[in-house]
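Asks: Here the protein sequences line up with chains U and P, keeping their order.
Residues in the first sequence are numbered consecutively from 6, following the working numbering.
Residues in the second sequence are numbered consecutively from 6, following the working numbering.
Where hints are given, some of them may not hold.
DSS-like mimics (lysine-lysine), calculated; alpha carbons at most 27 Å apart, straight line [unchecked claim]:
#  : chain 1 : residue 1 : chain 2 : residue 2
1  : U       : K262      : P       : K109
2  : P       : K302      : U       : K302
3  : P       : K46       : U       : K232
4  : U       : K345      : U       : K141
5  : U       : K72       : U       : K141
6  : P       : K145      : P       : K232
7  : U       : K145      : U       : K17
8  : P       : K213      : P       : K145
9  : P       : K141      : P       : K342
10 : U       : K14       : U       : K46
11 : U       : K343      : U       : K232
12 : P       : K46       : U       : K262
13 : P       : K109      : P       : K82
14 : U       : K31       : P       : K302
15 : U       : K302      : P       : K31
16 : P       : K343      : P       : K302
What follows is a list of derived Cβ distance ranges for each label pair [said to hold, decoys possible]:
#  : chain 1 : residue 1 : chain 2 : residue 2 : range
17 : P       : I288      : U       : N105      : 50 to 60 Å
18 : P       : F32       : U       : T282      : 53 to 63 Å
19 : P       : G309      : U       : F32       : 18 to 28 Å
20 : P       : R323      : U       : I110      : 50 to 60 Å
21 : U       : E127      : P       : R323      : 58 to 68 Å
22 : P       : R323      : U       : E281      : 27 to 37 Å
Reference excerpt, derived from the structure (chain U facing chain P, CB under 10 Å, subset only) [said to hold, decoys possible]:
#  : residue
23 : I80
24 : K82
25 : T93
26 : L124
27 : H160
28 : A206
29 : N217
30 : D221
31 : K251
32 : A260
33 : S293
34 : S297
35 : P307
36 : E311
37 : L313
FYI, nobody ran anything at the bench for these hints, they're computed from the structure.
Quick caveat: nothing in here was measured; it's all calculated off a predicted structure.
Virtual Cβ for every residue (Gly too), placed ideally from N, Cα, C.
Protein chains: 2
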Amino acid sequence: MIPSIEWTKDNKVKMIDQTLLPHELKFLEFDNFRDVATSIKVMNIRGAPAIGVAAAMGMALATIEYKDLPKERFIEKMEDAANTIRNTRPTASNLFWAVNRIWKIIETYPDNPHGLSDLVIEESQIMAQEDINVNKNIGKNGATLLEDGDTVLTHCNAGSLATVQYGTALAPVRAAIEEGKKISVIADETRPRLQGARLTAYECHYDKIPVNVISDTSSGLIMMLGKVNKVIVGTDRVTSDAVFNKIGTYLVALAAKDNNIPFYVAAPTSTLSLDETVEDVTIEQRDSSEVSMVLGKVQIVPDGVECLNYAFDITPFRLVSGIITEDGVFTPEELLKKYKNS
Amino acid sequence: MIPSIEWTKDNKVKMIDQTLLPHELKFLEFDNFRDVATSIKVMNIRGAPAIGVAAAMGMALATIEYKDLPKERFIEKMEDAANTIRNTRPTASNLFWAVNRIWKIIETYPDNPHGLSDLVIEESQIMAQEDINVNKNIGKNGATLLEDGDTVLTHCNAGSLATVQYGTALAPVRAAIEEGKKISVIADETRPRLQGARLTAYECHYDKIPVNVISDTSSGLIMMLGKVNKVIVGTDRVTSDAVFNKIGTYLVALAAKDNNIPFYVAAPTSTLSLDETVEDVTIEQRDSSEVSMVLGKVQIVPDGVECLNYAFDITPFRLVSGIITEDGVFTPEELLKKYKNS
Numbered sequence: 006m007i008p009s010i011e012w013t014k015d016n017k018v019k020m021i022d023q024t025l026l027p028h029e030l031k032f033l034e035f036d037n038f039r040d041v042a043t044s045i046k047v048m049n050i051r052g053a054p055a056i057g058v059a060a061a062m063g064m065a066l067a068t069i070e071y072k073d074l075p076k077e078r079f080i081e082k083m084e085d086a087a088n089t090i091r092n093t094r095p096t097a098s099n100l101f102w103a104v105n106r107i108w109k110i111i112e113t114y115p116d117n118p119h120g121l122s123d124l125v126i127e128e129s130q131i132m133a134q135e136d137i138n139v140n141k142n143i144g145k146n147g148a149t150l151l152e153d154g155d156t157v158l159t160h161c162n163a164g165s166l167a168t169v170q171y172g173t174a175l176a177p178v179r180a181a182i183e184e185g186k187k188i189s190v191i192a193d194e195t196r197p198r199l200q201g202a203r204l205t206a207y208e209c210h211y212d213k214i215p216v217n218v219i220s221d222t223s224s225g226l227i228m229m230l231g232k233v234n235k236v237i238v239g240t241d242r243v244t245s246d247a248v249f250n251k252i253g254t255y256l257v258a259l260a261a262k263d264n265n266i267p268f269y270v271a272a273p274t275s276t277l278s279l280d281e282t283v284e285d286v287t288i289e290q291r292d293s294s295e296v297s298m299v300l301g302k303v304q305i306v307p308d309g310v311e312c313l314n315y316a317f318d319i320t321p322f323r324l325v326s327g328i329i330t331e332d333g334v335f336t337p338e339e340l341l342k343k344y345k346n347s
Numbered sequence: 006m007i008p009s010i011e012w013t014k015d016n017k018v019k020m021i022d023q024t025l026l027p028h029e030l031k032f033l034e035f036d037n038f039r040d041v042a043t044s045i046k047v048m049n050i051r052g053a054p055a056i057g058v059a060a061a062m063g064m065a066l067a068t069i070e071y072k073d074l075p076k077e078r079f080i081e082k083m084e085d086a087a088n089t090i091r092n093t094r095p096t097a098s099n100l101f102w103a104v105n106r107i108w109k110i111i112e113t114y115p116d117n118p119h120g121l122s123d124l125v126i127e128e129s130q131i132m133a134q135e136d137i138n139v140n141k142n143i144g145k146n147g148a149t150l151l152e153d154g155d156t157v158l159t160h161c162n163a164g165s166l167a168t169v170q171y172g173t174a175l176a177p178v179r180a181a182i183e184e185g186k187k188i189s190v191i192a193d194e195t196r197p198r199l200q201g202a203r204l205t206a207y208e209c210h211y212d213k214i215p216v217n218v219i220s221d222t223s224s225g226l227i228m229m230l231g232k233v234n235k236v237i238v239g240t241d242r243v244t245s246d247a248v249f250n251k252i253g254t255y256l257v258a259l260a261a262k263d264n265n266i267p268f269y270v271a272a273p274t275s276t277l278s279l280d281e282t283v284e285d286v287t288i289e290q291r292d293s294s295e296v297s298m299v300l301g302k303v304q305i306v307p308d309g310v311e312c313l314n315y316a317f318d319i320t321p322f323r324l325v326s327g328i329i330t331e332d333g334v335f336t337p338e339e340l341l342k343k344y345k346n347s
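Whenever a hint applies, use it, and build me the whole structure from the sequences.
Replies: Now the structure itself:
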């Protein structure tokens, strides 16, 4: 398992270029925040936890670059850097969260930019380690749900590549295998951007976890034929009534329900937003061309025909068997009891 | 609306090359059965009704080619032609049905190959016209289900291009529009072969029927958001308990049920196989590369990872609101009452 992002000993940010997967495993190294910002924008790195850490490490690079400036000028430059990073993917709340966490340190130690830089570098590495710890705990908790011989269907990529390391939806699979269970994975290809076919298949294959890919159209039949024991998906946000995750998740949940297959959601508590309901969330609509041009390379829709392209869908709690957090596994009702207004 | 296949005045078979759609509308003309057989094999023409008629017209071309041979030699050569045509897509039952229907004429008039050729040509054209008539009646019956302003979601292509003309699942849409109703279509892209994105979108756009394409992952959300009023799909086979159709149909049916949207199946009576049950049907598994290489052009899955590729899926009767045949619209129970053992 390769970390998707790490801080190197010579103070650089090293990441996998995920746009080249599954064809080539290439690492990028950046020594300034502008290149890190670009890498988030063009999606060399993606996945909410991973880009949060990338943002923090980008801020750390900026403190190194500016640490010899006088205090006022330093703050000015750091504000510019923060804005540059925040503007790369303006809808990614994790990016804002990460930049703000770093900013709190900058506010606390404004009179010593050199020491401050060390603190920010340290904080970005703590954030990376925290992500790994949360994922390992999700893995440990989720592994209790998996039996030797199980096949787990997952949608999109909530694996190691979407986090710093280890993944969320794939964490229980990894943990169960570490415990000696035989587990295999079926990855939905996940149109339109094909993160399942490209990334989940890649990381499983790389780590020798048995994996097959299916078209998104196949999950229902595959379940009906008895080829799936459990479903585990990730999530972008959990409200008090539903799970928001990559488009297609709702169909998978319906098929699981119809075939009496447990449907689990791996959700770090950072994704819980239990004071919101479905009504509070606007589903992002993305460009028609993501559907009509497969990976920007093959046009599959006639000129003049528009595609409707919603990025996420809504899986009501009634279809969810359990939610796996770093603290344990909960039914939706138990989740609300434990975390709401706490 | 363009006929997908027709017999020309100078005794040729003319068809659309569907492998070039949606990029180019090109017609192929063949004056011998070998080229027609190849066209079925490489899927210049596809869709059960359409390839049945192509097979019959191929047989007609063979009678022209061989009509000056002595009787025994003629029969021998016709048997070869029949085998060549039948072997193009050995699982397509329609192909066998069409060749057998022509063969009954050949058996009846073995002593006059010239007159026989005229009869076979005539029969193949009758078969083409029969297909259009059946489809028009499905259209008329299905149009009663559609209201002015409806948006119809369909999966795969059961349109004009899958038949000689007019289509099955799209026939009610065409008929309702002819009656003056405003109807629009949402086409599932239909992975892996993308018949929805390529063909349904093409023929709707060509005939000025408003159409949008969605990724297969989106149908559930699109229904939840209230953007679909009715679902109509085609079918390859209806058994006494389920509808067999392109992979992905079952997921669409589940989403329709969950959102209280009627789910209809357009089924010419030739597709009814009511003495069979789900247990009698083996689902065709096709090559992994159909999933891993989009349209043979872009590899989306890492080397070494296999894709599971089932061509059809199973939609249980409990998810079906109505079945539209050339005789009327029936619930599954009514369908069994009317057609079983009749």
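Asks: Against this structure, judge whether each hint is valid.
Replies: Taking the hints in turn, this is what the structure says about them:
1. U:K262 <-> P:K109: Roughly 50 Å between the alpha carbons, so the hint for U:K262 and P:K109 is violated.
2. P:K302 <-> U:K302: The given pair, whose Cα atoms are some 9 Å apart, holds under the 27 Å limit.
3. P:K46 <-> U:K232: Status violated; Cα separation ~31 Å.
4. U:K345 <-> U:K141: Between U:K345 and U:K141 the Cα gap is close to 24 Å, so the pair holds against 27 Å.
5. U:K72 <-> U:K141: violated, 35 Å
6. P:K145 <-> P:K232: Distance of about 24 Å is within 27 Å: holds.
7. U:K145 <-> U:K17: violated, 32 Å
8. P:K213 <-> P:K145: Given pair P:K213, P:K145 holds - Cα atoms ~19 Å apart, limit 27 Å.
9. P:K141 <-> P:K342: At roughly 24 Å apart (the allowed maximum being 27 Å), P:K342 and P:K141 satisfy the hint.
10. U:K14 <-> U:K46: Status holds; Cα separation ~25 Å.
11. U:K343 <-> U:K232: Violated, at about 34 Å.
12. P:K46 <-> U:K262: Cα-Cα ~39 Å, so violated.
13. P:K109 <-> P:K82: Holds, at roughly 16 Å.
14. U:K31 <-> P:K302: Within the cut-off at roughly 23 Å; holds.
15. U:K302 <-> P:K31: holds, 23 Å
16. P:K343 <-> P:K302: Violated, at about 47 Å.
17. P:I288 <-> U:N105: 50 to 60 Å: 52 Å Cβ-Cβ, so the 50 to 60 Å window holds.
18. P:F32 <-> U:T282: 53 to 63 Å: holds, 55 Å
19. P:G309 <-> U:F32: 18 to 28 Å: Hint holds: Cβ distance 21 Å, inside 18 to 28 Å.
20. P:R323 <-> U:I110: 50 to 60 Å: holds, 59 Å
21. U:E127 <-> P:R323: 58 to 68 Å: Distance hint for U:E127, P:R323 holds at roughly 59 Å.
22. P:R323 <-> U:E281: 27 to 37 Å: holds, 35 Å
23. I80: Violated - the Cβ of U:I80 stays beyond 10 Å from chain P, reaching only about 44 Å at its closest.
24. K82: Cβ of U:K82 sits 42 Å from chain P, so the hint is violated.
25. T93: Not OK, violated: U:T93 not within 10 Å of chain P, min 25 Å.
26. L124: With a minimum Cβ separation of about 40 Å from chain P (threshold 10 Å), the hint on U:L124 is violated.
27. H160: holds, 8 Å
28. A206: Given a least distance of 5 Å, the restraint on U:A206 holds.
29. N217: holds, 5 Å
30. D221: Constraint on U:D221 satisfied, holds at 5 Å.
31. K251: This hint holds: U:K251 lies near chain P, its Cβ roughly 8 Å from the closest one there, short of 10 Å.
32. A260: holds, 6 Å
33. S293: holds, 8 Å
34. S297: holds, 7 Å
35. P307: Nearest chain P Cβ about 3 Å off; hint holds.
36. E311: holds, 6 Å
37. L313: holds, 5 Å
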